[in-house]
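Visitor: What follows is each chain in one-letter form.
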Amino acid sequence: MDYPIRDFAMGGGILIAVVAILHVFVSHFAVGGGIVMAALETAAVKRGDRPLRDLVKRSSMILLLLSTVFGAISGVGIWFTIGVVHPAATSSLIHTFVWAWATEWAFFLLEVVTALAWVATWDKVSPRTHLLLIWLYAFAAFMSLVVIQGILGFMLTPGSYPATLSFRDGFLNPTYLPGILFRTGVCILLAAAWMAFAALRENDRTARARLSRILGSVGALGLGIAGIGWLAWERALPESVQRLFLGEKPLLATLATARSHTFRMFLVAAVLALLVTLLPRLQSWPVAILALLAGAGVLAGYERVREGVRKPFVIAEQMFSNGVLVSEIDALNEKGILSKAVWATKEAGGRAVSTGEAVFRAQCAACHTRDGYLGIRKIASAMDADFAVMFLTAMRDDGANWKARAAGQAVRPDYPFMPPFVGTDEELNALALWLASLNAPAVAEVTRAR
Amino acid sequence: MPAETLLPALDPMPIPGPPWLFHVLWLVTFAIHVVGVNVVLGSSLVGTVASFDRDRAFGRGVAKFFAEINTWAISLTITFGIAPLLFLQVLHGRLFYSATVIVAPAWLGLLLLLMAAYYLTYLGKYRLRAGKGAALPFALSALLFLCVAAIQVAVHLLSVQPGRWEGVLAQPWTLLADRAFVPRFLHFVLAGVTLAGILLAWIAVRRPPAEEERANASARAMFGVKIALLATVLQLVVGLWLTISVPREVLLGLMRGGGATMAPFTIGIFAGFGLLVFLARIRDPFADRASVRRSIELFGLAMILMLVTRHQLRDIYISAAGAGSTPATTGQWGVFAIFLVSFVLCLALSIVALVKSARDRPPHGEATA
Numbered sequence: 001m002d003y004p005i006r007d008f009a010m011g012g013g014i015l016i017a018v019v020a021i022l023h024v025f026v027s028h029f030a031v032g033g034g035i036v037m038a039a040l041e042t043a044a045v046k047r048g049d050r051p052l053r054d055l056v057k058r059s060s061m062i063l064l065l066l067s068t069v070f071g072a073i074s075g076v077g078i079w080f081t082i083g084v085v086h087p088a089a090t091s092s093l094i095h096t097f098v099w100a101w102a103t104e105w106a107f108f109l110l111e112v113v114t115a116l117a118w119v120a121t122w123d124k125v126s127p128r129t130h131l132l133l134i135w136l137y138a139f140a141a142f143m144s145l146v147v148i149q150g151i152l153g154f155m156l157t158p159g160s161y162p163a164t165l166s167f168r169d170g171f172l173n174p175t176y177l178p179g180i181l182f183r184t185g186v187c188i189l190l191a192a193a194w195m196a197f198a199a200l201r202e203n204d205r206t207a208r209a210r211l212s213r214i215l216g217s218v219g220a221l222g223l224g225i226a227g228i229g230w231l232a233w234e235r236a237l238p239e240s241v242q243r244l245f246l247g248e249k250p251l252l253a254t255l256a257t258a259r260s261h262t263f264r265m266f267l268v269a270a271v272l273a274l275l276v277t278l279l280p281r282l283q284s285w286p287v288a289i290l291a292l293l294a295g296a297g298v299l300a301g302y303e304r305v306r307e308g309v310r311k312p313f314v315i316a317e318q319m320f321s322n323g324v325l326v327s328e329i330d331a332l333n334e335k336g337i338l339s340k341a342v343w344a345t346k347e348a349g350g351r352a353v354s355t356g357e358a359v360f361r362a363q364c365a366a367c368h369t370r371d372g373y374l375g376i377r378k379i380a381s382a383m384d385a386d387f388a389v390m391f392l393t394a395m396r397d398d399g400a401n402w403k404a405r406a407a408g409q410a411v412r413p414d415y416p417f418m419p420p421f422v423g424t425d426e427e428l429n430a431l432a433l434w435l436a437s438l439n440a441p442a443v444a445e446v447t448r449a450r
Numbered sequence: 001m002p003a004e005t006l007l008p009a010l011d012p013m014p015i016p017g018p019p020w021l022f023h024v025l026w027l028v029t030f031a032i033h034v035v036g037v038n039v040v041l042g043s044s045l046v047g048t049v050a051s052f053d054r055d056r057a058f059g060r061g062v063a064k065f066f067a068e069i070n071t072w073a074i075s076l077t078i079t080f081g082i083a084p085l086l087f088l089q090v091l092h093g094r095l096f097y098s099a100t101v102i103v104a105p106a107w108l109g110l111l112l113l114l115m116a117a118y119y120l121t122y123l124g125k126y127r128l129r130a131g132k133g134a135a136l137p138f139a140l141s142a143l144l145f146l147c148v149a150a151i152q153v154a155v156h157l158l159s160v161q162p163g164r165w166e167g168v169l170a171q172p173w174t175l176l177a178d179r180a181f182v183p184r185f186l187h188f189v190l191a192g193v194t195l196a197g198i199l200l201a202w203i204a205v206r207r208p209p210a211e212e213e214r215a216n217a218s219a220r221a222m223f224g225v226k227i228a229l230l231a232t233v234l235q236l237v238v239g240l241w242l243t244i245s246v247p248r249e250v251l252l253g254l255m256r257g258g259g260a261t262m263a264p265f266t267i268g269i270f271a272g273f274g275l276l277v278f279l280a281r282i283r284d285p286f287a288d289r290a291s292v293r294r295s296i297e298l299f300g301l302a303m304i305l306m307l308v309t310r311h312q313l314r315d316i317y318i319s320a321a322g323a324g325s326t327p328a329t330t331g332q333w334g335v336f337a338i339f340l341v342s343f344v345l346c347l348a349l350s351i352v353a354l355v356k357s358a359r360d361r362p363p364h365g366e367a368t369a
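Quick note, the sequences are listed as chains B and V, same order.
Per my numbering, the very first residue in the first sequence carries number 1; after that it's consecutive.
Per my numbering, the very first residue in the second sequence carries number 1; after that it's consecutive.
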């Protein structure tokens, strides 16, 4: 929060989501591709199955280009992006998990080397060496997932970490294993879906049908594993979140909706996987594209729900998405948010920023834009200054609930998806006036109509 | 507003190990990363120059050599860039994040430039394999890599000078107004060109080629030596320019550091001069293979010593800006041990994979993968 602030037209959250979604598709394919291609190449060598071997070879270049180029750069990209949007949270995560990230990096190094070597040695080395390369790749890629899931799970369900501050407690958190299971299934599913395009390039119709059937069953297997993982993951979530899934708060229906969409994607992917397995001659480009989209939809839905469940925290029970720590709520109410967020009054280009807008930039801009995603102008369209003061005061009072919850008490905040407002009365009033000023003519009309 | 007021507070979370450990790991992994950066930058530039050579066969041959190297080098360079970035964030997170937020559009744009440059390299490689020209993709990719290098240099300089942050946020173009920016950028670029030239020469003369290949290999080696020589001569001028461009208090800090700072700096400069002498002596690279090899060794020595100096200069910059800090530390030795074991294991397996890939060539008639 005391870092410089950048206003992104699309919103920092959306920026992270765009980079992250692209990366997770590719990285899951990279992991699943390793497992599936290693298994299929092994089967091809054992049986002397030329079409199966050619399928793997045709898929290998895509694996290389996506994994070592796009995957590597977009992975760094997520880091760059969260560092720019949430510098304090990134710093905190780095301090806690630097050795875990370093371990993941070691596996990624092996992943890149073996991917390059594997693709470069088709038709050059013995089958035994080639299999060694792809199995090493599969091992390294899977291990990078095993490591990174500890950090992703921690951000959502830190378990007993806030009390013990133990790395092990944070890493081996409640959603760790279910997350690995789900992601492994999706990795396999996505790999099968990607490889379906390479299978369609097989000229021999009988061989093409056989390859499609194999990939259909691999996809179904992945989907089954992912389904079990999802169920286990949901059970590991706090009960309050599970109730939200069931639509407990109608005003916060986003989570329940995203969950339903994900289930629909599961269903579509399952139907297509079974269709291709049972009637492989029906496999075609449109079916393959649909299957890939459904698989991507399952993963996107999971990530959307995961992000939604985590709100309003960026690190559960410790740091809100705007960088305010639960532990500093009282101090900031006393001294004012702008005593810490000194950069909030400074905008790129040197434009003058009013106090109210500065408070918005410090506290709200991590999630809300002015007119884009979660646009504050629209949200505040029916607010006049008095209403805004009332609303913000209630949000400031909610800070006590968040503190009590972080201390382990069974207290439920009134605004479960919003960080509390923190700041002095002057800052609160300034923000209220600024919010009201965004729609001044419209609010004036409402007031006149009254 | 005074720079100290704008400096974010130290992260209250302790760092999971002693600072010296992170400094060592940072320096070691960064050295490997910089070798890659030099190869990539230099290869793309020299490859582009070669693509425009009037002798088309020679030019394409050299360009193909660099394209084949670069598709590997780029992946490994990016991969080896991750580790130093991690350790940098542990030690100087508040400086690094602040600088990247201030120049966020350029910083995030760097990723797109990098990706485009990478795919252009692949495009060039496959065009050359198909017997087509690849001057345009190479030129574009070289240009993009230069932009990436410029952004990295600018962000580095900004991160260690908090006093410039407010001004750059208000007027972004002042990012490039740092006196040390241009010489520092050129210093990196010329190092890359030197390494690419020596690498080309060394690979050409490393093993005696077949008689019909000798003329071509000799021409390549001489081309590499000339390029490296020219870049080293320019480097000496740029090095002097860079030295006098650094803020006075930083330069004084370097000198006051005594042997610890002056020894690497001075020996590094001497290694540069030595490199110049060895390169200038080479008339026939085949006859004087030892000089070519010695050039690589001297380049390596100069590079490592200059990296040490760079690391020390960063600390002096930060101290001069009053942004130095002593973070709280805690031990995560168990997890560190896991990292160390994983790293050694992965490194060993990587070497096994590479050696097997290079050596395993089944005899004619036996099955291949």
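Treat the hints loosely; a few may be bogus.
Unchecked claim - List of simulated lysine to any residue pairs, SDA-like, C-alpha gap at most 25 Å: (1) B:LYS124 with V:HIS364; (2) V:LYS226 with V:HIS187; (3) V:LYS356 with B:SER126; (4) B:LYS124 with V:HIS187; (5) B:LYS57 with V:ARG129; (6) B:LYS124 with V:THR5; (7) V:LYS64 with V:LYS226; (8) V:LYS356 with B:GLY408; (9) B:LYS124 with V:LYS226; (10) B:LYS124 with V:GLY365; (11) B:LYS340 with V:THR5.
What the hints assert, rightly or not - Restraint-style ranges between C-beta atoms, simulated for each label pair: (12) B:ASP386 with V:HIS311: 52 to 62 Å; (13) B:SER339 with V:TRP173: 30 to 40 Å; (14) B:VAL18 with V:THR330: 28 to 38 Å.
Unchecked claim - Some chain B residues well away from chain V (every beta-carbon gap over 12 Å; in silico): (15) GLY48; (16) VAL69; (17) GLY77; (18) HIS86; (19) ALA117; (20) LEU152; (21) PHE197; (22) THR257; (23) PHE313; (24) GLU328; (25) ASP330; (26) ARG377; (27) VAL389; (28) ARG396; (29) ASP414.
Calculated directly from the structure, the hints in this document are not laboratory data.
Beta carbons are placed, not taken as given, at the ideal position from N, Cα and C, and that holds for glycine.
Visitor: Starting from the hint list further up, note which numbers the structure goes against and sort them upward.
Guide: Per hint list: 4, 6, 8, 9, 15, 16, 17, 18, 19 and 24 violated.
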